[in-house]
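Novice: This is what each chain is made of:
Number of protein chains: 2
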Amino acid sequence: MFAVTILGNNSALPMHDRHPTSQVVAYYEHLFLVDCGEGTQLQMTRYKIRRNRIKHIFISHLHGDHYFGLPGLLTSYGLNGRTEDLWIFSPPLLKEIIELHIKAADIILPYTIHFVAINKEMILYEDKKIEVSCFAVSHRIPCWGFLFKEKVKSLKLNPDKLKEYAIPSSFYPHLKEGHDYITKTGELIKNELLTQVPEPALSYAYCADTAYNERIAEIISNTDLIYHETTYLDIQREKAVMRGHSTTKQAATIAQKANAGKLIIGHFSSRYELLDEFLTEAQSVFENTALALEGTTYIISK
Amino acid sequence: MFAVTILGNNSALPMHDRHPTSQVVAYYEHLFLVDCGEGTQLQMTRYKIRRNRIKHIFISHLHGDHYFGLPGLLTSYGLNGRTEDLWIFSPPLLKEIIELHIKAADIILPYTIHFVAINKEMILYEDKKIEVSCFAVSHRIPCWGFLFKEKVKSLKLNPDKLKEYAIPSSFYPHLKEGHDYITKTGELIKNELLTQVPEPALSYAYCADTAYNERIAEIISNTDLIYHETTYLDIQREKAVMRGHSTTKQAATIAQKANAGKLIIGHFSSRYELLDEFLTEAQSVFENTALALEGTTYIISK
Numbered sequence: 005m006f007a008v009t010i011l012g013n014n015s016a017l018p019m020h021d022r023h024p025t026s027q028v029v030a031y032y033e034h035l036f037l038v039d040c041g042e043g044t045q046l047q048m049t050r051y052k053i054r055r056n057r058i059k060h061i062f063i064s065h066l067h068g069d070h071y072f073g074l075p076g077l078l079t080s081y082g083l084n085g086r087t088e089d090l091w092i093f094s095p096p097l098l099k100e101i102i103e104l105h106i107k108a109a110d111i112i113l114p115y116t117i118h119f120v121a122i123n124k125e126m127i128l129y130e131d132k133k134i135e136v137s138c139f140a141v142s143h144r145i146p147c148w149g150f151l152f153k154e155k156v157k158s159l160k161l162n163p164d165k166l167k168e169y170a171i172p173s174s175f176y177p178h179l180k181e182g183h184d185y186i187t188k189t190g191e192l193i194k195n196e197l198l199t200q201v202p203e204p205a206l207s208y209a210y211c212a213d214t215a216y217n218e219r220i221a222e223i224i225s226n227t228d229l230i231y232h233e234t235t236y237l238d239i240q241r242e243k244a245v246m247r248g249h250s251t252t253k254q255a256a257t258i259a260q261k262a263n264a265g266k267l268i269i270g271h272f273s274s275r276y277e278l279l280d281e282f283l284t285e286a287q288s289v290f291e292n293t294a295l296a297l298e299g300t301t302y303i304i305s306k
Numbered sequence: 005m006f007a008v009t010i011l012g013n014n015s016a017l018p019m020h021d022r023h024p025t026s027q028v029v030a031y032y033e034h035l036f037l038v039d040c041g042e043g044t045q046l047q048m049t050r051y052k053i054r055r056n057r058i059k060h061i062f063i064s065h066l067h068g069d070h071y072f073g074l075p076g077l078l079t080s081y082g083l084n085g086r087t088e089d090l091w092i093f094s095p096p097l098l099k100e101i102i103e104l105h106i107k108a109a110d111i112i113l114p115y116t117i118h119f120v121a122i123n124k125e126m127i128l129y130e131d132k133k134i135e136v137s138c139f140a141v142s143h144r145i146p147c148w149g150f151l152f153k154e155k156v157k158s159l160k161l162n163p164d165k166l167k168e169y170a171i172p173s174s175f176y177p178h179l180k181e182g183h184d185y186i187t188k189t190g191e192l193i194k195n196e197l198l199t200q201v202p203e204p205a206l207s208y209a210y211c212a213d214t215a216y217n218e219r220i221a222e223i224i225s226n227t228d229l230i231y232h233e234t235t236y237l238d239i240q241r242e243k244a245v246m247r248g249h250s251t252t253k254q255a256a257t258i259a260q261k262a263n264a265g266k267l268i269i270g271h272f273s274s275r276y277e278l279l280d281e282f283l284t285e286a287q288s289v290f291e292n293t294a295l296a297l298e299g300t301t302y303i304i305s306k
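From first to last, the protein sequence lines stand for chains A and B. Under the numbering used here, the first residue of the first sequence carries the number 5, and numbering increases by one thereafter. Under the numbering used here, the first residue of the second sequence carries the number 5, and numbering increases by one thereafter.
If you are wondering where the hints come from, they were derived from the structure by calculation, not from laboratory data. Warning: the hint list may mix true and false statements.
It does not matter which identical chain is used: a pair holds within one copy or between any two.
[Unchecked claim] Within a straight-line C-alpha distance of at most 27 angstroms, the following computed DSS-like cross-link-like pairs (lysine-lysine) qualify:
1. K266 x K306
2. K160 x K133
3. K99 x K124
4. K59 x K157
5. K107 x K243
6. K306 x K132
7. K107 x K306
8. K124 x K306
9. K124 x K107
10. K99 x K243
11. K180 x K133
12. K153 x K133
13. K52 x K188
14. K52 x K180
15. K180 x K243
Whole structure, please, built from the sequences with the hints as guidance.
Specialist: Take a look at the structure:
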C-alpha cells in the first residue's frame, strides 16, 4: 500500500475546522510524516494514525503552520516511552529550536533524534524499495518539496514456468535482472517465458508551499499523485505571487505539465469557507483533481 | 463580570478530546490568557473567545503542554494584522524561544511583544480595579501560580441621601474614602448615612502544575475561586509526588485550608477517560468542587 492521508489542509490561520499542514505518507510498513502544523498530534488521534510507526519526519520549511505541532509530538513520544530513533529532515534552524524547547522543559527524551539539515536537492531516505528526495520550491524562505519514488521493481518470477523448465533456484536472481537461461544441453530459454512484467513503480510528490514554478513540473514529471498547494482562487493570482503561493489554475498547470496521474490540492486560505470553487477551477485545467480533505486517504496508483 | 473559561483541562498528552492547559480570565473589558497549550487558538475559535481583547498572557512554566500553542497564537495575531502591544509574563527562556521561531520564519510581527521575565513573587499587572501577582509553586522546573485579585472597592454613594443632605459634589471623593461630612452649621453627618457598603472584592487563584504545598493555601487564603490541578486520583499519591503533581484530595485540602469559596480541578492525566471519580474524591474533602470542563465558564463570586 502506497497512500497519503491528509491531517491538515488549511493555510496559516486554522479555521473552518481545517488545520495547518500535515500529511502522512504510508508505504507498506513505513509511515512518513510530512510537515507537522499545530494540532497534528490531535489529528493523528482523530484519524487513528499509528504514530509509533513514524521514523522519518520531513519538514518543508520553517513557517509555523508547517512545524508548530512538532515540539508537542516529540514531547508526547517521550511521555509515551518511545525508544526508537527518529530522523527529522528540515531546514537547519529546526534543530536549534527543538533543542531549546527541550532545554526549557528540562527533560531528556528517551529516544534519539537525528536532525538532517536540508541545504540542497538530495536523496534524504533510501531503502530497497523506495527513495525520498527533496527539491527546491519557490517560497519566501528556503522551502522544499518531497518526492517519494518507488524504485523500479525487478521482474516477477513465474513459479509454474520455473518448475516446468526446471530452473535451478541459484539462477533466480539473474532471471529477476532479465537474463535468459541456458540449459545444460545448451538450449536457450528466453527470460520472458519465465518471468512476468513487474508492477510499475509509483511516485508521490509533495510540492509544499510554493509560487508557480515550471521547474517543479520537470522535476516531478510523470508522478502518479501530486499534492500541490492552492492557497488562492485564480482571481487572487497577484496576491499569490506576492506571498509565494499558488492559485488553483497554477497548481493544475503544474500537474498538467508534469503529466501527473492525479492532483490533490490544499493549503486553502482561511478567507474561503467553501472549497467548491477550488475544485472547479483546478479541474478546468487538469481534470483528475481532488480536494485534499482532512482524514481522507488518497491511494497512489497508476 | 469576573470569570474564567477553560480551554484545556488535560495534562501533557492530549487525549479523550481534552486539550492541554489554557484558560481565559475575563475581568470586565480585560481578557487575560493563562497558559497556552498546543491547540489553544483552535479552542479559542471553538468557544468564541474574542482573542483580540487579550493584552496580557501569563505562562506558568515551560513544559510544552502549557505553552506550545503560543507560537501559533502569536503568528496568527500577526497574520490578522494586530497592532496592539502584547505583554507576556513567563519564565525567562520563553523570550529566546519565541524570538528563534520568529527568526526562523523570517517574519516581522506588526505588533510589539513585551516579555516580562518572572524570577520572583511579584505583582505582574495592576490597574485601578485589579491586580495580578505570581506565587511560586512546587513543580519539577520553576513554575508559578497566578492570583487575580480585585482591589478593595471604595464606598458607594447613595444619590438620594446626597441630595437630601445637600452634600457638595466636591466632597464626594472624601465620602468614598469613609469620611463624615460636617455642614456649614457644624452638624456632623455620619458617612454610613450617605454611602453604601461596596461589593466585596473578588479573587481567583490559578495554582498551575504543583505538588501538594500548604504554603499555597496561605498565599491564596480566602480566594473566591481556586483552580488547582489534580493530575491523579488519590491512589496515585506517590506518583504525584514524584512528578510534581497533585491528587484530588490534595487539591481539595488546599482549597479547604485556604478557606476557598469554590474549587475547580483540572490537568487530568490521559490515563483517565472518565472524570467522575475526580469529582467524588475531591468533594469528599471540599464539597464545593467542580470539574474544570473545556468550554465552560466559571463565574467568580462570593
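Novice: Okay, which hints does this one fail, numbers in order?
Specialist: Hint check: 7, 8, 10, 13, 14 and 15 fail, others pass.
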